[in-house]
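Let chain A serve as the given structure and place chain B on it in line with the hints.
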Amino acid sequence: MRLRRTMYRKILNQTVNLTALLSACIGLFFLAWIIVEVMKRGITAFNIDFFTKLPTPPGVEGGGVANAFIGTLVITVISTLIGVPVGILSGVYLSEFGGKSLLGKSVRFTLNVIMGIPSIIVGMFVYTLIVIPIGHFSGFAGSVALAIIIVPVVARTTEDMLNLVPPSLRESALALGAPHWKTTISILFRAAKSGMITGILLATARISGETAPLLFTALNSPYWPSSINQPTANLTVTIFNYAMSPFAEWQQAAWGASLLIMATVLATTLTARYIARESTSWKT
Amino acid sequence: MTKKNIGAHALADRLFRFVTGTAAALAFVIIAGIFVELVRNSSLSLREFGFEFLYSLEWNPVKQTFGAVSSIYGTLVSTCIAMIIAVPMSLVIALFLAELAHPTLSQVVGYGIELLAAIPSIIYGMWGLFVFAPFMADHVEAPLEQWLGFLPIFRGPPMGIGMLTAGIILALMILPFVSAFMRDVFNMVPGVVKEAGYGMGATTWEVTAQVIIPYGIKGLVGASFIGLGRALGETMAVTFVIGNSHSVSASLFHAGNSIASTLANEFTEASEPLYLHALVELGLILFIITLAIQIIAQLWLRRLGKSIGGGL
Numbered sequence: 003m004r005l006r007r008t009m010y011r012k013i014l015n016q017t018v019n020l021t022a023l024l025s026a027c028i029g030l031f032f033l034a035w036i037i038v039e040v041m042k043r044g045i046t047a048f049n050i051d052f053f054t055k056l057p058t059p060p061g062v063e064g065g066g067v068a069n070a071f072i073g074t075l076v077i078t079v080i081s082t083l084i085g086v087p088v089g090i091l092s093g094v095y096l097s098e099f100g101g102k103s104l105l106g107k108s109v110r111f112t113l114n115v116i117m118g119i120p121s122i123i124v125g126m127f128v129y130t131l132i133v134i135p136i137g138h139f140s141g142f143a144g145s146v147a148l149a150i151i152i153v154p155v156v157a158r159t160t161e162d163m164l165n166l167v168p169p170s171l172r173e174s175a176l177a178l179g180a181p182h183w184k185t186t187i188s189i190l191f192r193a194a195k196s197g198m199i200t201g202i203l204l205a206t207a208r209i210s211g212e213t214a215p216l217l218f219t220a221l222n223s224p225y226w227p228s229s230i231n232q233p234t235a236n237l238t239v240t241i242f243n244y245a246m247s248p249f250a251e252w253q254q255a256a257w258g259a260s261l262l263i264m265a266t267v268l269a270t271t272l273t274a275r276y277i278a279r280e281s282t283s284w285k286t
Numbered sequence: 659m660t661k662k663n664i665g666a667h668a669l670a671d672r673l674f675r676f677v678t679g680t681a682a683a684l685a686f687v688i689i690a691g692i693f694v695e696l697v698r699n700s701s702l703s704l705r706e707f708g709f710e711f712l713y714s715l716e717w718n719p720v721k722q723t724f725g726a727v728s729s730i731y732g733t734l735v736s737t738c739i740a741m742i743i744a745v746p747m748s749l750v751i752a753l754f755l756a757e758l759a760h761p762t763l764s765q766v767v768g769y770g771i772e773l774l775a776a777i778p779s780i781i782y783g784m785w786g787l788f789v790f791a792p793f794m795a796d797h798v799e800a801p802l803e804q805w806l807g808f809l810p811i812f813r814g815p816p817m818g819i820g821m822l823t824a825g826i827i828l829a830l831m832i833l834p835f836v837s838a839f840m841r842d843v844f845n846m847v848p849g850v851v852k853e854a855g856y857g858m859g860a861t862t863w864e865v866t867a868q869v870i871i872p873y874g875i876k877g878l879v880g881a882s883f884i885g886l887g888r889a890l891g892e893t894m895a896v897t898f899v900i901g902n903s904h905s906v907s908a909s910l911f912h913a914g915n916s917i918a919s920t921l922a923n924e925f926t927e928a929s930e931p932l933y934l935h936a937l938v939e940l941g942l943i944l945f946i947i948t949l950a951i952q953i954i955a956q957l958w959l960r961r962l963g964k965s966i967g968g969g970l
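Those protein sequences? They're chains A and B, same order as listed.
The first sequence: position 174 = 176 (the numbering used here), numbered continuously.
The second sequence: position 174 = 832 (the numbering used here), numbered continuously.
So here's chain A without its partners, still in its complex pose (with noise of 0.2 Å):
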């Protein structure tokens, strides 16, 4: 009686292990799905013309994506620039000066909460805020749009990063006589640089990726960017049109930009996982 007990045990705590390990395998599983398939048919829509010229319409020949892959490579350049800088001083103000503050303490929940805001929604506020007011859509519009959702994750990981300075090294540079900003500036920030490049990488590689505000903002285009105050061509809402049309060139072209976004994507996200890693060194 015991003894089948035991074995029931066994078995029981056996199959728990098998159900663990088959579920991580599916994970993974999925994942080399997806990039596998990406690669598959994204490597076949890859050649010069892909990479420098305009969309054509759908039957004719020899079309690209380059306008598209300016016009992204502009949106989320302009979006860090817009983005980081808040994201920092935001981080700054809650790790140095109000962060047990209730001001601090608000300024983060609100920041948590902001991260959970479906991207969608943020699009639609700054359509509201910019697009209508000025009447058309801009890729200036999509900028912003993609600052905000860059602003908490910045500042939360600027937060974090500046809290693991041990506070010795802040205590030191103060007693020096050196004001709180250069001590911040040119302390603070050194030592936590790799750490910081890492959470900016990350909400890049994240707001590369973004859609759904884009749709709502910067919209797209078949010409080159000339202008951001002008709807702007990207390569997320190409692939999105592209997709959902019955062409088969496009999209094949689609699964091109798909490939694309992808690759700078994951290996973003790996070069920030890379410098993560080397930095935790120093702090031992």
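Think of the hints as simulated: they come from the structure by calculation, not from any bench.
Taking lysine-lysine pairs in the BS3-like style, the calculated list, with each CA pair at most 25 Å apart, reads:
1) Lys195/A <-> Lys102/A
2) Lys55/A <-> Lys42/A
3) Lys852/B <-> Lys12/A
4) Lys107/A <-> Lys876/B
5) Lys852/B <-> Lys876/B
6) Lys102/A <-> Lys184/A
All values reported here derive from a predicted model rather than from experimental measurement.
The following block gives chain B in isolation, referenced to the frame of chain A:
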């Protein structure tokens, strides 16, 4: 150092504090701004339909009557499917990463799962529409209908596009977040507590079920909340595979829509002000739901932080 110099430093520091504080306060402006703008831009629809918006089934741009039921229903059903799959799976994956796997293996698998989170939503959409949906139609939905077709949820044409596929892809997308969070909760459980269990002769599963899970239950619930919030607002992947039809059907094989997919699909078509305002009102509903979930999750996790710090 001269006195003047010190005065200048103090001023610079006060300025620095002010600038960082202003940047931080932008967070409030954003949240309040979203709420105000969405209400302002849905005023026409709010006035025209009132509460009927929440229980009216008809969504007809031609007749200019709008009701949110099908979108809300689709959001809830697809999220439900995602949670039913993702939460237990995340739990065992976290168990695998924290307790079972060799540390090196755990790190590698953890990386892989994390990459799953890095893949953009639109890539899930592409893969979902062109690869996964046909697979679902042939190898999952057809057999399900054959064997379990007596259940209303598995009735209907196995097209691959619909609630079930959307739910499964959503599950895949929230899996990395929930399992990474749950792994951290597992790792937070003090070693002595686990060892006490093992010392009694308990198996890994018994320690997990009777020690780790009760100890970390709040964190596990918090992790699920974070996943829930993500699933509700996920847009592009769902838009690709849910089928985008304003209908409510008991069958999971049927095409439906979610709030986010309706917004993504119809926004550029909305030419009349009332249509636009109805869409913004849908956005407002989604905003309020996710806001509430986030606030509950944050408060819940903050309590958890305190109790973990105080315990043991």
